[in-house]
Amino acid sequence: MATGGGQQPRPTRPSSFSRASSSSFSPTSSSSSSTSLPPGVRIGANGAAFVSSGIPDLDRILGGGFLVGSVVMVMEDADAPHHLLLLRNFMSQGIVHGQSVLFAGPMMEPRSFLGTLPAPVVQKEGLKLKHDTSDVQDKERGLRIAWQYKKYFGEQTAVDSHNRDKKQEFSSDFDLRKTLERQLLNSQNIECISTQDTFDLPKLLNHCLTFVSKLSMKDGVNSNAGRIAIQSLCAPQCGYFEKDWDMLSFIRSLRAMVRSSNAVAVITFPASVLSNSISKRWQHLADTLLSVRAIPDKDLAKLLTGYQDMLGFLHVHKVAQFNSQVPVILDASTYSLKLQKRKSLVLERLNQAPVEGSSGVSYATSGSCSSSKGSVLDF
Amino acid sequence: MAEGLIVRSLRDGSLPGEHAPALCLQDSLLSPASHPIFRHLLTSLLSQSKSTRVVLVAFHRSPSFYLSLLDPASAPRIRILDCYSDPLAWNPQSHSHSSLLTLLTNVNDLTNLLSSILHLAQDLGSPGNGPVAVAIDSVTHMLRHAPLPSVLQLLSNLRSHDKILSLFWLIHTDLHEPKVISSFEYISTMVASLEPIVQLPDYANTNSPSITSLDENYSKAKFNVRLKRRNGRVKLLCEELLIEQGSVKFSSVPSVSSMVAQNLIPKVQFNLQLSDKERMDRANVVLPFEHQGNGQNIEIYDGRRSLTESQKDPTSTKIGGLSEQKRSNNNNSEKGEIHYLRDSDDEQPDSDEDPDDDLDI
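Just so you know, the protein sequences line up as chains A and B, in that order. UniProt numbering applies: residue 1 is where the first sequence begins, and numbers increase by one. UniProt numbering applies: residue 1 is where the second sequence begins, and numbers increase by one.
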């Protein structure tokens with residue numbers, strides 16, 4: 001099947017990274033052409049280009065990462081700051097790969113947000129291998145492995161480390177306890193804008209336009225991918241709060257701009273401060289839609305295993321798909337955000353405690369003390 | 001406990017690097033008892049600690065009403081911005097009566113309001129004292145005079161100012177659209193809402209409470225508090241309160257929370273935890289596929305031979321026998337055993353019969 005332009009005449013051309021689908025059939029050609037791609041971009045199914053979201057689990061869930069040219073929206077929870085975790089990982093991944101980053105946030109000093117970006121986990125080669133074998137020995141002590149299968153253990157670690165090397169280039173694990181080095185933050189291609197107080201939407205749109213046009217201006221060498229991160233676009237502190245239709249026009253223009261360029265835009269917004277109809281329109285404009293939700297204390301402790309480590313829930317509503325008619329169907333749409341060893345962010349599927357079959361207790365109900373928005377968990 | 005938490009948080013102020021804590025106190029027509037709670041919070045803030053200073057922005061009640069509530073000893077620690085007497089400058093001769101009051105006559109202009117509040121805060125906090133708490137009597141009244149975005153900006157500017165210790169305000173939920181209420185919840189760190197104890201009567205249902213008992217809602221209510229924590233967890237607290245003669249009493253309601261918990265905890269059919277004895281037994285079981293390391297011939301017990309046969313055969317490693325020999329001295333532990341009989345032994349091998357022939361149709 002030819003690239004998606006066969007359906008309806010679209011004035012925008014797809015991003016320069018995506019290939020015609022014929023090349024995606026042969027796996028060898030995609031691996032050899034990977035050297036000509038800029039760092040951090042990978043060609044996935046149907047010839048579409050992906051950049052990593054900064055969280056390896058999220059890349060896996062979304063089928064490869066964020067599509068280049070798509071707009072990702074994250075619906076915030078008014079009670080919890082988890083959307084900042086997603087934004088930070090997204091921006092760090094871009095900086096580590098040397099991509100251009102544009103950040104806009106409703107704060108007086110957006111540069112201070114850069115100071116909170118996590119650094120990638122550093123693993124030296126020798127240490128890594130040693131760690132693997134000791135890991136295996138630990139596993140051996142914990143599990144009682146049948147003796148016939150012990151000979152396979154040595155082989156498995158070698159395969160694992162090879163795969164890990166390849167993956168390391170595309171998406172890195174971030175250590176949330178360490179911040180990114182100063183010299184990386186001072187590079188030329190990181191821009192910060194404050195959307196507070198008297199800031200205007202046309203100004204923001206102009207900033208994005210210049211950012212995106214800078215991306216494709218480099219001739220000869222393949223131009224780099226760019227990342228646009230906008231935090232809390234409709235927050236009450238912003239100068240344009242309550243101008244609902246202006247904000248919708250902005251998002252529509254941004255979407256068109258991003259689609260015809262090598263950029264990915266991530267926008268977070270608190271959906272509760274918008275009226276229902278406007279919120280629905282925002283959600284509809286997203287290519288990929290995620291939402292984060294806080295966990296009400298102690299309510300769900302008995303229902304879920306591993307509750308203590310959980311920070312919050314991530315719900316995947318919509319996954320973007322380019323060059324294909326086949327929708328992405330997920331195994332599960334709700335994942336729990338956890339901090340592994342206090343440093344890296346992992347997403348896990350929810351495991352519910354065993355239940356008595358006859359009672360038929362429904363887990364979708366939340367406690368009577370919580371607010372009117374009930375949490376619906378989809379296992 | 002909820003009330004203590006709130007007052008402590010308002011008194012302590014913000015952690016370094018964060019904005020000031022803000023409490024949003026909500027009520028509705030069904031349980032309109034929020035003003036006594038507002039007054040209670042104000043008086044506890046002033047009386048519990050000698051160093052807390054408060055700037056009160058009064059829209060709803062006259063400043064003299066508030067001054068009469070307060071202990072005269074704590075009067076110098078409060079400044080009242082009088083937006084009640086003449087908010088729209090209709091009376092050209094109005095002027096403030098006491099040094100504690102500042103009359104504001106143009107409530108529409110929120111930048112002026114902000115600068116007046118900050119001016120008063122600096123006045124109060126100027127002799128080397130710390131930041132000042134701000135109480136706003138009814139944001140609902142503010143929203144009458146000024147649009148929502150400017151009110152929200154005023155509150156968030158107050159929160160981020162370093163002269164402000166903490167902030168709390170009152171809002172009536174049924175006088176505004178839901179998104180207005182949720183915008184205020186968004187910029188606050190604590191949300192306290194009142195719910196009626198007695199529900200509205202349902203006229204179709206004869207068992208529901210009569211309309212005269214609705215009076216109880218004016219003196220009793222359920223006090224729900226939602227606290228936003230730094231780690232993203234939300235703390236929910238539920239208490240009951242009783243208002244009598246101008247004083248408010250909080251009491252915790254353990255029964256409700258346990259009922260809620262019971263509904264949510266599934267009734268588990270089997271016990272997933274092992275008792276100590278069971279744990280020891282499990283550790284003592286010798287699994288058939290483990291390498292015994294005795295140098296003897298390893299034969300996997302696949303269930304074809306009965307246990308007695310393998311006992312007679314000395315070359316094979318029998319599970320039960322070996323472990324019995326090893327543990328004959330140890331009388332304390334009871335070893336666990338695995339008894340496995342293959343199901344296929346019961347069947348006739350390669351039977352030509354069609355098992356469906358047994359059915360009599």
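Since the hints were made in silico from the structure, they are not lab data. Errors might be hidden in some of the hints.
[Unchecked claim] Okay, derived cross-link-like pairs now, DSSO-like style, lysine-lysine, Cα gap no bigger than 27 Å in a straight line:
1. LYS318(A) / LYS243(A)
2. LYS179(B) / LYS222(B)
3. LYS341(A) / LYS163(B)
4. LYS178(A) / LYS203(A)
5. LYS220(B) / LYS235(B)
6. LYS280(A) / LYS178(A)
7. LYS235(B) / LYS343(A)
8. LYS214(A) / LYS178(A)
9. LYS222(B) / LYS243(A)
10. LYS214(A) / LYS203(A)
11. LYS163(B) / LYS50(B)
12. LYS235(B) / LYS249(B)
13. LYS50(B) / LYS249(B)
14. LYS178(A) / LYS318(A)
15. LYS338(A) / LYS179(B)
16. LYS222(B) / LYS249(B)
17. LYS280(A) / LYS179(B)
18. LYS318(A) / LYS163(B)
Hint check:
| no. | hint | verdict |
| --- | --- | --- |
| 1 | LYS318(A) / LYS243(A) | holds, 26 Å |
| 2 | LYS179(B) / LYS222(B) | holds, 23 Å |
| 3 | LYS341(A) / LYS163(B) | violated, 39 Å |
| 4 | LYS178(A) / LYS203(A) | violated, 34 Å |
| 5 | LYS220(B) / LYS235(B) | holds, 23 Å |
| 6 | LYS280(A) / LYS178(A) | violated, 37 Å |
| 7 | LYS235(B) / LYS343(A) | holds, 24 Å |
| 8 | LYS214(A) / LYS178(A) | violated, 31 Å |
| 9 | LYS222(B) / LYS243(A) | violated, 36 Å |
| 10 | LYS214(A) / LYS203(A) | holds, 17 Å |
| 11 | LYS163(B) / LYS50(B) | holds, 18 Å |
| 12 | LYS235(B) / LYS249(B) | holds, 22 Å |
| 13 | LYS50(B) / LYS249(B) | holds, 23 Å |
| 14 | LYS178(A) / LYS318(A) | violated, 32 Å |
| 15 | LYS338(A) / LYS179(B) | violated, 31 Å |
| 16 | LYS222(B) / LYS249(B) | holds, 12 Å |
| 17 | LYS280(A) / LYS179(B) | holds, 14 Å |
| 18 | LYS318(A) / LYS163(B) | violated, 44 Å |
The structure is inconsistent with the numbered hints 3, 4, 6, 8, 9, 14, 15 and 18, although it conforms to all the rest.
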